[in-house]
Structure formats: C-alpha cells, structure tokens
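Enquirer: What follows is each chain in one-letter form.
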Amino acid sequence: MNSIKKLLIAFSLLSLLAGCSPDVREISDTALVMSIGVDYDKENKKYTFTTYCILPAMPGGDKTGKLSEWVASGSGESFLDAAKNLRSRAGKSLIFQHAKFFIVGEEAARYSFYEIVDFLSRNRQIRITSYLIVSEGKAADKLQVKSDSGDLISNELLGKVRNEKEWGKSITMIIRDIVNLFPSQYRGYVTSRLSTAQSKSKPHEILILKGGAVFYKGKFIDWLDGNDTITVHLLSKKSRWKELEIAEVIHFQSLKLSVFYHVSNSVIHSSFVQGTPKMNIDIQLNATMGNMDHNLNLNRREVILQLEQAAARQMAAKIQKSIDHFQKGLKVDVLGFSDRFIQYHPKGWTMLKKDWDAVYPTIPVQVHVSVKIEQLGMIQSMGVE
Amino acid sequence: MTSQEKISNKQFGSLVFSFLSGFSTLFLIEAKLIKQDVWMSYLLGITVSIGMLWLFVYAQKQYPHLSMAEIFDELLGKWFAKLALCLYLVYMLETGGAAYRALSFFYTTAILPNTPNIVLMFLIFLCTAYAVYLGLGTLARSIQVILPFFIVAIVIVSFFIVREIDTNPFLPQFQSRASEIVFGGMVTLAFPFGKAIIFGFILSRVKNVKKIFSSTAIPMALSGLYLLAVTYMVFGSLGFNLSHAATFPYFSAAQLVRFGEYMERIEIFVISIWTVFTLFEIIVIQYIFMLVAGHVFRIKETRFFVFPICLLFFAIAHKSFIRMMDLSLYILGIYPISSLLPIVIIPVLIAFLTLVKKPRGAKKSVKINPVG
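Chains as they are written, first to last, in this note's numbering: chain B, 1 to 385; chain P, 1 to 372.
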C-alpha cells in the first residue's frame with residue numbers, strides 16, 4: 001500500500017513538467033526577433049520600434065527547412081510603449097532573447113539616446129553582448145532592405161561585424177561598452193555606421209557597414225570615415241587590435257605596393273611635462289606583402305629597411321591625421337586619453353578635468369610607428385629580365 | 001538527525017566558506033560604494049571578523065565541554081545569557097530573511113519574472129526545512145560534494161571573464177577618504193564576513209578543538225579572496241559605470257562569457273553557485289537558530305520544531321524587504337550598525353569575561369540542551 005502511495009506521489013510530480021504548463025508557447029506561434037530598429041521623430045516625439053524576425057515554423061509544411069523573414073513596426077510615446085504597441089500588428093509571440101543587433105536611427109541617436117540605452121541595459125531579455133549600430137536615416141528602412149547574398153539580414157550583419165577585423169574600416173560596439181561609457185563627461189566612443197548603396201548585381205539597395213558614429217555626452221555627434229575607424233581600432237583595447245588585419249598601399253620610390261598589417265603591440269603613454277599633459281603613442285606593426293605594381297628586389301636588406309621606414313612614416317601620418325581630426329575637428333576624446341590621466345595621473349587629473357574640453361584639443365600627441373615586413377608571400381619578386 | 005554528531009575540521013571549514021560565499025557576490029554593494037579602494041574595506045572587514053570569531057574560539061577552548069550557549073550561561077548568568085542569545089536569534093532572523101529575499105529577488109528579476117516571490121520563497125522554505133531536519137552531519141558531507149563543482153565552475157567562468165579585462169581596474173589607488181574606507185569596512189563586516197560569528201555556536205561540534213581557529217580563519221580568508229577576485233573581474237570586464245549601474249554585476253559580467261560565437265549563457269554556472277550556496281547559508285542559519293532557541297526555551301527535542309522555526313523564517317522574509325531597494329538600503333543603512341552588537345560587542349564581552357573568570361566547573365557543568 002505504501003509503495004502505491006509513493007508511486008502516486010511520484011506521478012503527481014509529472015504535472016509540474018513544462019508541457020503541462022498553461023504558459024506554454026508552441027513553436028509555430030513564436031517569432032524570433034533577430035534585429036531591432038529604433039527611430040525617433042523629434043517633432044512628434046514618437047518612437048518607432050521595428051523588429052526583424054524569423055518565423056521558425058510555418059503552417060502548412062510547404063516551407064519546411066526554410067526560415068521566413070518578417071518585419072513589423074509599432075509606434076508609441078516611449079521606447080517601451082512603441083514595443084508594446086507592436087503587439088497590435090504581431091500575430092506571433094515575440095521572443096527577444098536572440099536579438100543580436102540594435103539599429104538606432106540617426107535622429108534617435110541624436111535626440112533620445114538616453115532612453116534607448118536605459119531600455120537596453122534594463123531589460124533582462126537583452127544581452128549586453130548584443131551589438132548597437134547607428135543607421136544613416138531611419139533604422140526601419142534598413143531592416144526592409146534585402147541582403148546581397150540572399151541570406152537573412154541578421155546573418156548578413158553578423159558576417160559584416162565578423163569581417164571588421166579583416167579591414168578595420170568599421171567598428172561595432174557591444175551594449176556593455178556603450179552603457180559603461182555613456183555617462184562619461186570626458187570621453188566619447190564610436191560604434192559602427194550603417195548605410196545603404198545600390199547593389200551592382202541586383203536591382204535593389206544593399207546594406208553597407210562602414211565608418212563610425214561618434215557619441216559624446218550621451219548623444220550622437222558626427223560620423224567617422226573608414227580611415228578614422230582604423231585608428232580607433234589601433235588605439236583601443238587589445239581585444240580590438242589583436243586580430244586586426246588592415247590593408248595599406250605604400251608609395252615607395254616610383255612603386256605602389258600593397259601590404260597588410262597585423263598589430264604586434266599598441267601602447268598609449270600619458271605624461272605631464274612641466275605641468276602640461278602629453279601623449280605618446282607607440283604602435284608596432286608586422287607587415288605581409290600583398291602585391292606590387294613593378295619589380296623591386298626584396299632580397300636586398302637595405303631595400304627592405306627603406307621600405308619599412310616609408311611604410312612607418314606613411315602609417316604614422318595617417319594616424320596623426322585621424323588624431324588631429326578627433327582633437328581639433330570633433331573635439332571628442334574617442335581614444336580615451338582622459339581615462340589614462342584618471343588612472344595614472346589622478347592628482348594631475350583633478351586640475352585637468354575642470355577644463356578638459358578646452359585642454360583636450362591642445363594636448364600634444366606624438367605618434368611613433370614601427371613596421372617590420374616579416375612575410376613576402378609565396379614569391380620574393382617576379383623574375384623580370 | 002543525530003544531535004551529538006561531530007563534524008571534522010575540514011567539513012567545518014567548507015561550511016564556513018560556502019556560508020560566506022553565497023550571495024556576497026550578488027549585489028557587490030560595498031564595491032559600488034568604494035570602487036577601486038574596496039580591497040581595503042574587505043581587508044578591514046575580514047580582519048575584524050576573524051578577530052571576533054577568534055574571541056569565541058578562545059572562550060570555547062577554555063570551556064571545551066560546553067556549547068557556546070552554555071558558555072553564555074556560565075559567564076553572563078542565566079537571564080543575561082538569555083537576553084544575549086535572544087539578540088542572536090533576532091540577528092539570525094534578519095540575516096536569514098535577507099538571504100531568502102535576495103535569492104527570490106534575483107530569480108524574479110533575471111530569470112522568472114512571472115513567478116511570484118512567495119512561491120520561490122516557499123520552495124526555499126521546503127528545501128531548507130528538510131535540510132535542517134537532516135542535521136549538521138548531512139549538511140557538512142553534502143557541502144564536501146558540492147565544493148569541487150563550485151571550484152570548477154568558478155575557474156571556468158573566471159578564465160573567460162579575465163580575457164575581457166584590458167587594464168588594471170583597481171587604478172588609481174588610494175582615492176577614497178579614510179572615513180569611506182572605514183564605512184566600507186563596516187558594511188563588509190556586517191555583510192558578508194561578520195555573519196560567520198554564528199558559527200561560534202557550533203564550535204563544540206567540531207572534532208579537533210585545538211585546530212578550530214585555522215579551520216575558521218582560512219576559509220574566511222579564502223572567501224574574502226574570492227570576493228576580491230570577483231570584484232576585480234566585474235570592474236575589469238564591465239567598467240566602473242556599468243558595474244555601478246548593474247543590479248547584479250557579477251551576473252552581468254558572467255553574461256560576457258561565451259565559447260566561440262554561439263555558445264553563450266554560461267552564467268548558469270553563477271546562478272547555480274548563488275542558489276546552492278545561498279540555500280546553504282539559509283540552512284546553516286536556521287539550524288543554528290534551532291540550537292540557540294532550543295537552549296533559550298529549554299526544548300529537549302528540537303527536531304519537532306524544525307518546521308515551525310523554518311516557517312518563522314519564511315514569514316519574516318515574506319513580510320520584510322518588500323522592494324528590492326529595501327534590501328540594499330537595509331544593508332547600507334541599518335545592518336552595519338545593528339549587527340555590531342552580535343558581531344563585535346557580545347564576543348568582546350564574552351572573551352573579556354572568559355579572561356576574568358576562571359573556567360571553574362566547566363567539566364562538571366550539566367548540559368541543559370543535548371543538541372547544543
């Protein structure tokens with residue numbers, strides 16, 4: 001009798017299984033949100049919340065094995081209100097845990113970024129490892145664009161972010177970094193810029209992830225071009241540059257050589273010289289020969305040394321130009337010089353921080369680049385008589 | 001339940017470590033307050049906590065055949081001892097209630113938003129009441145099984161979080177005022193390290209009384225090291241601003257862990273550690289509460305009171321710390337002061353009286369409560 005009782009108690013536990021829950025969601029009733037677009041209309045003070053979803057299962061079974069895309073938008077007075085109003089158009093239960101991309105429209109980034117960052121960091125379903133991208137124009141339009149490869153837009157975006165380390169002309173930040181840097185009154189930060197261009201092979205526009213969007217004091221300030229984002233990559237934390245591969249055309253004597261660089265080391269030193277702040281940047285690059293337009297005897301050591309010096313000079317000038325743009329054009333500390341002074345010169349920083357906006361553009365920055373051409377490729381030079 | 005069952009020194013040490021390492025890393029309140037200088041507050045908190053527990057160990061060594069509750073009787077007299085022990089009962093109720101709430105708040109905020117707090121707390125009550133019923137020996141043996149899993153999980157999570165750290169997050173040093181460090185030390189003393197004082201009531205249940213201080217001090221120091229390492233990783237991987245803003249900073253830092261591009265959500269390790277260790281903390285508090293209450297109210301067979309005592313903890317937790325902010329305000333505002341009496345003042349008094357009074361009659365003392 002006792003064993004029957006125990007058996008009945010054990011069976012009663014089966015009612016706790018997930019399948020018996022009234023809160024169960026069938027897979028055919030769900031839509032997995034892969035990317036989210038946020039727009040803001042400054043005049044009407046309205047948000048538009050756009051989701052790019054995939055439907056894991058379609059009724060009828062004729063599309064077995066294929067994922068269907070679905071884009072839906074909702075508007076509202078706040079970010080959350082817009083997201084909730086989206087439900088009036090959604091016949092599916094929206095699952096946000098897989099959302100990897102947050103595309104913020106230009107106007108939203110400029111005028112209502114606080115609310116967006118607050119929502120993204122507060123919501124438990126959004127992972128802090130998701131990417132935030134700023135779109136030229138409206139974000140909703142970008143999510144309607146067809147991909148060039150025919151793949152899902154979210155996969156295409158993920159591929160573009162993955163490719164950043166292979167060319168450096170785009171820099172995408174994760175939400176963790178944005179939330180951490182957002183309150184800073186001294187430094188800015190850069191995340192990637194999303195635009196569209198006409199496809200050369202298809203009759204529709206395609207997405208382009210290139211350049212950067214600069215944020216300072218909680219709002220979007222300006223765009224950066226691809227060369228400037230390379231500098232941001234080079235002078236960011238090690239995880240940014242350790243796998244970076246950047247291509248560069250070197251003009252040497254009358255030749256044009258293409259090389260690609262890997263960063264061996266990148267260090268920013270801060271100091272105070274007679275009470276004046278100063279920055280020293282030291283970058284070590286390893287180069288691999290890509291191609292050249294005429295023959296050059298690379299077997300000679302002095303040729304290689306001259307080539308390395310020319311490459312270093314060219315790279316240093318390029319980095320210096322970007323830094324000048326950050327200091328004198330944007331007047332935004334996107335490289336985190338202020339962090340260096342806070343960490344390593346706390347006493348000097350107490351004096352400096354009062355006038356940081358005025359001091360930052362005047363800080364002398366010395367850039368030193370060294371290049372070592374380590375690899376020549378599978379040939380050393382073409383055998384031209 | 002064997003009332004006189006003794007545990008080994010290693011088991012006791014494991015119990016102390018797991019007790020202190022439960023939800024100490026959940027909020028990191030003191031770290032948010034003192035930032036990079038928090039290690040000094042930790043050092044202060046650990047040193048004072050170890051010192052206070054040493055005072056109990058000293059008293060225990062003078063009266064090796066008595067339980068701590070009986071030593072209270074011996075030194076303070078019957079009624080003052082009851083008063084002092086009642087203060088410990090209140091202290092355990094507030095600490096246990098906070099642990100109940102901390103665990104349920106975490107689950108309802110981060111994982112189960114649609115589950116009512118009371119349901120989670122009721123499940124905690126059921127689980128911990130059963131564990132208290134099983135007794136100290138079972139508890140000590142089970143922690144020995146769980147501790148290796150904890151170490152493996154922490155090593156894995158730490159390895160992947162450390163990769164996210166680029167610069168030393170504890171720079172610049174010595175930026176806080178001495179008063180801030182001392183206040184941070186008081187917060188750290190109250191929560192988590194000072195809580196270990198209740199282990200004074202089971203010192204008589206440890207096999208080797210001679211080595212009892214090292215069995216206590218080493219796990220306390222290790223627990224401090226663990227808390228410091230977690231703070232370093234959280235500051236380094238999230239940055240100061242996000243660490244300060246995050247409700248559960250260590251959980252947020254663990255979200256950064258991923259294997260390759262798609263293997264994510266490794267924070268389940270952290271969740272399991274918090275859950276198991278916080279449950280252990282609640283179990284230990286309830287168990288010691290039962291022993292002390294048994295002595296105060298002269299209950300001979302305490303096992304019949306396991307369920308009502310655990311139900312009392314459940315009720316206290318249900319009616320306390322209604323909002324999550326209440327919990328952090330309590331830990332920052334009230335707890336550092338209210339806990340001084342059980343953590344510092346009474347142990348100092350007991351040690352002083354032990355020093356003054358000769359331990360005469362320790363051997364001939366009659367045990368009132370067999371579970372003590």
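Derived by calculation from the structure, the hints in this document are not laboratory data. Be aware that a few hints might be false.
DEER-style ranges, computed between Cβ atoms [said to hold, decoys possible]:
| # | chain 1 | residue 1 | chain 2 | residue 2 | range |
| --- | --- | --- | --- | --- | --- |
| 1 | P | 115 | B | 258 | 58 to 64 Å |
| 2 | B | 245 | P | 264 | 23 to 29 Å |
| 3 | B | 44 | P | 110 | 54 to 60 Å |
| 4 | P | 352 | B | 267 | 31 to 37 Å |
| 5 | P | 315 | B | 267 | 36 to 42 Å |
| 6 | B | 150 | P | 171 | 47 to 53 Å |
| 7 | P | 345 | B | 267 | 37 to 43 Å |
Sample of chain P residues lacking proximity to chain B, with all beta carbon distances greater than 12 Å (derived) [as the list claims (entries may be wrong)]:
| # | residue |
| --- | --- |
| 8 | 36 |
| 9 | 63 |
| 10 | 82 |
| 11 | 149 |
| 12 | 167 |
| 13 | 171 |
| 14 | 174 |
| 15 | 238 |
| 16 | 240 |
| 17 | 241 |
| 18 | 242 |
| 19 | 256 |
| 20 | 261 |
| 21 | 265 |
| 22 | 304 |
| 23 | 352 |
Ideal placement from N, C-alpha and C gives every residue a C-beta, glycine not left out.
Enquirer: Are the hints correct? Go through all of them and say.
Expert: Structure-based check of all given hints:
no. : hint                         : result
1   : P:115 with B:258: 58 to 64 Å : holds, 60 Å
2   : B:245 with P:264: 23 to 29 Å : holds, 26 Å
3   : B:44 with P:110: 54 to 60 Å  : violated, 35 Å
4   : P:352 with B:267: 31 to 37 Å : violated, 57 Å
5   : P:315 with B:267: 36 to 42 Å : violated, 59 Å
6   : B:150 with P:171: 47 to 53 Å : holds, 50 Å
7   : P:345 with B:267: 37 to 43 Å : violated, 53 Å
8   : 36                           : violated, 9 Å
9   : 63                           : holds, 47 Å
10  : 82                           : holds, 42 Å
11  : 149                          : holds, 25 Å
12  : 167                          : violated, 7 Å
13  : 171                          : violated, 4 Å
14  : 174                          : violated, 9 Å
15  : 238                          : violated, 6 Å
16  : 240                          : violated, 8 Å
17  : 241                          : violated, 5 Å
18  : 242                          : violated, 4 Å
19  : 256                          : violated, 6 Å
20  : 261                          : violated, 8 Å
21  : 265                          : violated, 9 Å
22  : 304                          : holds, 23 Å
23  : 352                          : holds, 43 Å
Against the hints set out earlier in the document, violations occur for numbers 3, 4, 5, 7, 8, 12, 13, 14, 15, 16, 17, 18, 19, 20, 21.
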